[in-house]
Every structure is written in structure tokens, then in C-alpha cells.
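Colleague: Each chain, letter by letter, is given below.
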Amino acid sequence: MKQNILKWKAVCLPLCVVALVITLVTWASSSPIKNSPKAPVTIEGNPFQNTVKQVDQFFEDQWSESNISASKSTDDLNQIRRLSLALHGTVPSLEEIREFEQMEGNDRLERWTQKLLADRRFADYFSERLARAFVGVDQGQFIIFRRDRFKAWLSEQIEANTPYDELAKTLISGEGLWTGDPETNYITAASADGNLDRNKLTGNTVRAFLGQRIDCAQCHDHPFDHWKQSDFEGLTAFYGQVEVQLFGVRQNEDLKYEVEDRETLEKRVVSPQVPFLDECLPQEGTLREKLAAWVTHPQNRRFERASANRIWGLLFGVPYINPVDDLPAPTDLSEFPPDVLDILGKDFRENGYDIKRMIQIIVASKPFRLSSQSKSPVSEEEVERLNDSWALFPLVRLRPEQIIGSMLQASSLKTIDQNSNLFMRGRRFFSEINFINEYGDLGSDELNDFPGTIPQALLRMNGEFAQDNGTASPLNSVGRIAGLDFSDEKRIETCFLVCLTRPPTSSEKDYFLKQYQATQNQNERVKVTEDLFWSLYNSPEFSWNH
Amino acid sequence: MFDPISLSGKMNRRDLCKIAVGSTLSFALPGFDFKAAEKRGPERRKSVIILWMGGGPSQLETWDPHPGTKIGGPGKAIKTTMPGLQISDMYPLLAEQIESMSVIRSMVSKEGDHERGTKYFKTGYRPEPTTVYPALGAVITHQAPNPDLEIPQHISLGNTEFPARGGYLGGHLDAFRVRDPGKNIGNMRARVEPPRQNRRLENLNIVSQAFQKGRTIQTQKTLHQSTIDRALTMMSSEQLNALEIDKEPESVRKAYGDSPFGRGCLVARRLVEQGVHSIEVNLRGWDSHANNYTGHQTQAAMLDPGFSSLLKDLKARDLLDSTIVLCIGEFGRTPKINPLDGRDHWPTGFSCIVGGGGIKGNVIIGETDPTGKEKKPAEPVQIQDLYATILQKLNIDYTKELISPIGRPLALSDGNPIKKLI
Chain F
1 MKQNILKWKA VCLPLCVVAL VITLVTWASS SPIKNSPKAP VTIEGNPFQN TVKQVDQFFE
61 DQWSESNISA SKSTDDLNQI RRLSLALHGT VPSLEEIREF EQMEGNDRLE RWTQKLLADR
121 RFADYFSERL ARAFVGVDQG QFIIFRRDRF KAWLSEQIEA NTPYDELAKT LISGEGLWTG
181 DPETNYITAA SADGNLDRNK LTGNTVRAFL GQRIDCAQCH DHPFDHWKQS DFEGLTAFYG
241 QVEVQLFGVR QNEDLKYEVE DRETLEKRVV SPQVPFLDEC LPQEGTLREK LAAWVTHPQN
301 RRFERASANR IWGLLFGVPY INPVDDLPAP TDLSEFPPDV LDILGKDFRE NGYDIKRMIQ
361 IIVASKPFRL SSQSKSPVSE EEVERLNDSW ALFPLVRLRP EQIIGSMLQA SSLKTIDQNS
421 NLFMRGRRFF SEINFINEYG DLGSDELNDF PGTIPQALLR MNGEFAQDNG TASPLNSVGR
481 IAGLDFSDEK RIETCFLVCL TRPPTSSEKD YFLKQYQATQ NQNERVKVTE DLFWSLYNSP
541 EFSWNH
Chain G
1 MFDPISLSGK MNRRDLCKIA VGSTLSFALP GFDFKAAEKR GPERRKSVII LWMGGGPSQL
61 ETWDPHPGTK IGGPGKAIKT TMPGLQISDM YPLLAEQIES MSVIRSMVSK EGDHERGTKY
121 FKTGYRPEPT TVYPALGAVI THQAPNPDLE IPQHISLGNT EFPARGGYLG GHLDAFRVRD
181 PGKNIGNMRA RVEPPRQNRR LENLNIVSQA FQKGRTIQTQ KTLHQSTIDR ALTMMSSEQL
241 NALEIDKEPE SVRKAYGDSP FGRGCLVARR LVEQGVHSIE VNLRGWDSHA NNYTGHQTQA
301 AMLDPGFSSL LKDLKARDLL DSTIVLCIGE FGRTPKINPL DGRDHWPTGF SCIVGGGGIK
361 GNVIIGETDP TGKEKKPAEP VQIQDLYATI LQKLNIDYTK ELISPIGRPL ALSDGNPIKK
421 LI
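Line by line, the protein sequences are chains F and G.
Take the first sequence: its position 535, counting from 1, is numbered 535 in full-length UniProt numbering, and each next residue is one higher.
Take the second sequence: its position 189, counting from 1, is numbered 189 in full-length UniProt numbering, and each next residue is one higher.
Do not take every clue at face value.
Straight-line distance between alpha carbons at most 20 Å, and here's what the computed SDA-like set of lysine to any residue pairs gives [as the list claims (entries may be wrong)]: (1) 414(F) <-> 427(F); (2) 527(F) <-> 126(G); (3) 221(G) <-> 200(F); (4) 200(F) <-> 126(G).
Computed footprint of chain G on chain F, listed as stretches where at least three residues anywhere in the stretch have a Cβ under 8 Å from a Cβ of chain G [stated by the list, open to error]: (5) 36–42; (6) 279–288; (7) 375–385; (8) 412–422.
Keep in mind that the hints were calculated from the coordinates and are not lab data.
Quantities reported herein were computed from a predicted structural model and do not represent experimental measurements.
The beta-carbon is built from N, C-alpha and C at its ideal position, and this holds for glycine as well.
All chains, please: the whole structure from these sequences, using the hints.
Modeller: The structure is reproduced here in C-alpha cells:
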């Protein structure tokens, strides 16, 4: 009898453990995220309409002055594709397309934008984009730099819509441990070999928040700008008292910032000094707090202009002024009319440095809504002229994350988001890492366009990931579309919507219809569908934003 | 009796080849593909093979042993075919082949972090935020492309975290990566049979046409189609055979070692024969913070057969005169052995082997302190100097300036050639 009980115990115990583990894992993996939000029914007032009008007017004037005829507006489906790519890093799902199609009213694109901005996927995607500007893509120094924690923190800030100036201040002046206070990774990202590279911090701060490249002033005066080596040293001195210790990033008031003179090789102490707008430097606070206040000071227009240029770049794939971090000095607005960055920057400053608001303005403005197709056949010079004045939506190659995000999304009819099952999310996580690894990351240079490479073409055509997603199975969209009992016309249309967010043209439909009509059995129909999917995945339309 | 070799004291292998071929004695020579390898010796266009030791090998357990000292560890040294050179006894095969190569024992870097160190040593420029520098292989490909190649000109064999990149020269100069050389040529094969592949390509044509409407110029400028076309040419090219090793005799494959690195070395030789000029073969796993000695034994078991067979084959095929081989990692390891029997990162005073392609052989440069107290080695050598040397030997003007995207003129290498190696 006793032995029997022991046996039962021996059986039950592992079972209990397994049950416990399953419960815990389920609990741990259950999404704390609220359901994907529905699009708002109406928008109250139209708070930023005025700024949109100013932006539009700016471009209208420019176009009529240069005698440019801008392209037509693009259709709504293409517009939601652009929005999803810019804000979520994927194409919209069939589920989303259908939801959008149900919506009515002239303002449905504005409401759709709000829906996308309220979705957690926006915060997650934008945190990666901004993290590149703030800490780059390097894995950095082991242990003391935690990029993952930094990104998660940034995502929470974006989700909470923390004012962008607050965000910048926290990054520049943050204290604490890189795990508990993840913002301090902004500082530790500049560590190498156990030393904190203060020059790197300065270069980075000025690039990320003021849109200026002064890195070369580290060693010599800027060759064609006003930056002097002494400006660089003076700014770096604000980071002179920050230390990375065992207990995290700390301010040490006893530290003096010294540089070695390149000629005499003697050390000299440099005191903190800003190159312009002295009056914006507060009296109170630690050195880094002072620097942060100066960088984000409402009178320091470089801050708002740099922010506008960066967000413009993230939405279009090309910044308004290229490169994103080398802007000309702001003009005197009493003498010159404001440019787009001034208009957007002013709205940004006057409305609490609200990133989501700025995004809504840019995507509602004319240039973002124009077609990438020119009205009439044009020469190469003309295309360049149209692109330069934003009278034609630029063709921009999708980022590796956007390609993989889109391929994954297109392989599922339902939206893949935080509410997807663990399997789907895990698949997305790992596929993304592997794919980007193989596809090649653009690094911090992500807003400069390079043509695609042969290995990338091979990866899209023959890669394992493409094979997995393009081979019919009961779980993916290829298999489901091939298996569904509806007309072949509908089948073709669904393939196009899922991959390219548009229905096929009539000649495309006829072409593929013939292929289906020639099939003898279900097996052949599956193959036709697979081949159609492969072609859509590999088309220029799929891998370029248009 | 007629003896061609005694008639001319300077008779070299190439002449012997000619005579052998002429007198139908070619069966007696090592077989090679004449089509791809017509020219031999110094006239042949030069290639560079970099054996990249990821993680940073210990100089003391490789080419700069100090046996019997406190820092030397348990290792012993052996004599080699290079006069005056002793290397770690973990490399008996290499010791037989190392003559005509040179050893630098005084490499210095300023980067002690793997990522930054690797970027520095792969490009010759210390990493900085506003410029992504191209790797040496990308520079070579950019300066001296081979128009006859249908396969990639810049190839990285074996797995690595930080492959050679094109940097500001463009993503098309990134090294083409073959992760499991000799076993799998990756994405080079279509996934379906030819009839279906044709159907797919015709479909693609139809879908592309719709997209081109109103975007003719822009679509052309994306180079999407031409990239696909070049990829398709590559997929059907006979030159791809250079990436396969199953036709190599079993004894050859065995000699190189059945590891990804060994197969990589064999593939590298075949690629050189095909006319590929920039190749990197990766061997990771040198980061021995613990159990340094046994770790290096494991690594040596792969490096020794691969490296030595590569040298032996290049010599036998008369390709060493036109092929620079460099074996290097991002840094070395501390003379001091830590409590875990490991060695930590050491960017001052570590070793590399370089030679072939006209680089002077049998030279030993630099020396490290056998007590380990003096950090700086004698005759320190910087990586940019080594790259300037290599570029010069490739007849590429290393002082030539390219304009980076931010408008800054940058020399191909800002070092100076190492006199002792020229």
C-alpha cells in the first residue's frame, strides 16, 4: 500500500511541476497590452489643421514659384500602406484593410492615423528608430550598456507620449544604474575599454538633438562651418563630471575636464562653455542638467528644427534636409520667411513637444499624400527636380525590418501584434533577428538610400524564410488563400491585397486568371498561388515605399 | 643525362610546368583548372585571403611563445622552416609550411573591445560615428574589380559576427557571406524546378510592369530588376563550382580538416583560382577568458591543418606569388594568466602572419617582453601600415583619396608601408 502511494507521488510530482511550469509560462507570456485600439469615430476639433495648412501653403508657393506641377494624390489604400510602414514597420494586414474599408467619412485617414499611433506597435517600432539616433546600433560595452533595456524604456516613453524635450533632458542628465534607470544607457553607450568617451557623447548629443555634425571639430576647426575646436571642448566639458562606476552613472563634482593640447602636449583644464545662446544656459543644476536645459531651450531653434527633420525622415524614409544631422544654421525669421522645419518646429514647441502631433501633421500634409507616379512621362532631371521639391512622393527602399515585417505580415491574414499568440510573436522576434543579420543592417546611416544588393535579392528569392512563408500550409496566408472556397478572381485579389495592399489591375487579373483556369486539380492551384506570392514578394513594389 | 633543373639554377616551378606540359608530363603535376588559372606567378592578378581569428588569439599560444617564463604558460615552442622562427608547438603542420611568410609580433591597437577592435582591424580606421569605413576587401574590390566574374568579388566564408562591410563605398561591396562553406552555398539555388522558376520570373515581369507605370525612371533607378538579373546570372554561373568542394579528392579535403574553417580555406583556394580577389575565412572562438590553454588547443586543431594546407596548395599551384595571405585577429591576450587560467584582452603587442603576393618573406618584425612587464613591444606596427603595405603590393595607390558621403576626402589607407616587408 505504502509503495503504491509512493508510486503515485512519483508520477504526480513531475506532472505537477509540468502543470506549474505551463501555468507560469502562460501567465508570463500573457500580453499585458490592451487590445489593438479601434479607430476613433470622430476627431474633436481639428487642433493641428492650421499648421497643416501652413505646410501645404509653403509647398504650394514653392511649386508655383518654380513652375512645378505636383503629382496627384495617391489613393487611400496606398496611403494606409505608407502609414503602416512608417509607424509599424509592416504592411497592413488583410484584417486591417477590411476594417479601414468599413470606415466612412472624409477624415478616415486622420482617424486611421490616430488608431495606428495608439497601437503599441508604433511605440515599439519608433523606439528602435529613435534608439539608433540616440545610441547607435553597436552592442557596446559588455554589461554596462544594455541596449535592450534602453529600447524598452524608450518605447514606454513614446507610448506615454512623454514630451520630446523632457526625453532629451532625461537622456543627457540621467543618473543611476543602466538596468534600473535605462535612460543612463545613453551615457554608457559611449564607453569603450572601460573608459567613458566624452567626445563621443558630445558629438552624439549635438547630432541627435541639434542636427549638427561637429565631430570633426574634436580635432580641428570645422572646415566650412562655424564650429571651432574650442566650441567642441567647451561643450564636452559639460560631460566632464559624469562618471560610470560600479553603482551606475554618477555626477562627481570633483572632476575637472582636461584635454591634452595637440601642439604642446600639455594638459589644460577646459571649463564648460556653450558656443552660442549663452543666455539660455541656466545658473542652477549639475553641468549635465545645464547642458540639457540649453539644448532643449525654446530659443535654441536647432532643437526643434532637428527634431522635425528627423521625424520627417522617419516618415518619408528621406529627411527633409539630407543628411539628417547636418542642418544649416537657423535663419533670422524677421528677415526670411520660415521654411518647413521652422513651421513644424514652432508647432512642436508651442504644443508641448508632442511627437504624435508632429507625425499627424506631417502625414496629413500634401507631400505625404502625393502619388509617386508622375502625371506625364518625365526625364531623369525632371524626376530629380520633382523629388527635390517634394512634388512627387519619393521611392524609398524599405528598411530590413520593414521587409521582414511585411513578409511576415503578408504570410498571415490576421494582424500580427502584441495580441498575437506566443508562437507568432516568437516567430516574428527570431525571424527578424536572423533575417536582418543576413539582409544586412543599414546601421545608424539608415536614412541614406543605397540600392539593394545581390545577396538581398538572393535572400528574398531563395532564402529559407521566403521559402517558409511562400509554401502553402494550413497556417499561412498562401495555404489559406489557395484552400478557400471562393472564385479564382477573389483569390487573385486577396493575394494582391495581402502583399501589395492594392487590388490587381485588370490585365494582371486576366494574366493570373489564365493560370488558374489551366489547372487540373487543387495541387496545381496551390502551386499557382505559391508562384504568384513569390512574384509579389520579389516585385519592386513590395520592397519599395511608393 | 638531360636534367632540366641542373641546367638552370634559377629554374622555378613555372618553368617546370611549361616544360612538363610541353613534354606531356602534365599528369605528373598537381591538377588545376587551366581555364581559370592561365597565368601563374607574379604576373597573375593578385588576391588577398584574410584568415580572421575572431575573438583575439593569444600571441603566446600562437606565433610569439615565451616557453619556460612566468607568462608563457604550459606551452612549448617548436622550430619552423623559417630561419630563427619558433612558434607554439600546437602548430606542427604550419611549422613545415611557414617559410616565405613573415611574422609580425608587435601589432598594436587602441581598441580593446571586440566590436570596435574588429572594425578597426578590418578597415584600418578606428570606428567613429559619422563615417562607416570599408573593409580592406571592399577597398580592393572597389579599386580593382574583376569584370570576368559572375560570382561575388568579395566573399566572407564561415560564420562571423562582424563580416567585412562595404561601408561608405556602398552595400554592394559588403562581403558575400557563405556561412557553411563547402557544405551549403546558401541562397544560390532556386527553390523550385526550372518550369516553375520560369513561371515565377514571368509573373514577376507582369507585376513589375504595372508598377513602372508613371514611375519608369524611378523604377530604373532602384536597380531592382538589374539586381535580380545579376542574381539570376550568378545562380546559373559555372563559376559557382568554386564554392563546392565535393569534387576535391578526399585526401585533400581531409588535409584541410573537416571543420567550417578547414573547408573555408579549401574554398578560398578554389575562389582564388577562379579569380576572386578578396576573401575572408573566419575562425571564431579565440576569446579565452577562461581555460586559455585548452581553448587554444581546440582552435589550433582547426587552424593548423587549414592554414598549412592552404599554404602548401598555393605553393604547389604556384599561386602564392599572387596571393597575399594574412592571419590576424582584433587583438591579442594578456601575458598575465588570470585566476580562471584564462587570458584577457590585450591590444598592445600581439602577432600576425602575413606573406605571399610579393610581400617579403622570412622576416620577423617586433618583439614582446618575455617578462610581460613592458607593455609596448619593440618596433610597434599599426594595422593601417600593414594595409598600406598590402595595397601597395596589389599596385593600388594607398594614398589615393576617395570622397566620403559627408564630403570628406579619405585616403584608402592612412598608414605607411612597412619597409621590412617590401
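Colleague: Determine for every hint whether it applies to the structure shown.
Modeller: Status of the hints after comparison with the structure:
Proximity of residue 414(F) to residue 427(F) is assessed by CA-CA distance (about 15 Å); at most 20 Å being required, the pair is judged to hold. Distance check on the hinted pair: residue 527(F) and residue 126(G) sit about 51 Å apart at the alpha-carbon level, beyond 20 Å; violated. Between residue 221(G) and residue 200(F) the alpha-carbon distance is near 36 Å, which puts this suggested pair outside the 20 Å criterion. Restraint check: the Cα-Cα separation between residue 200(F) and residue 126(G) comes to about 13 Å, which is no more than 20 Å; the hinted pair holds.
Counting residues of the region 36–42 of chain F whose CB lies closer than 8 Å to any CB of chain G gives 0, so the stated coverage by that chain is violated, three being the minimum. Three residues within the 8 Å Cβ limit are the bar, and the region 279–288 of chain F against chain G gives 0, so the coverage statement is violated. Beta-carbon proximity to chain G at under 8 Å applies to 6 residues in the region 375–385 of chain F; the threshold of 3 is reached and the given coverage holds. With 0 residues carrying a beta carbon less than 8 Å from a beta carbon of chain G, the region 412–422 of chain F misses the three-residue requirement, and the given coverage is violated.
Going down the numbered hints, you'll see the structure goes against 2, 3, 5, 6, 8, while the others check out.
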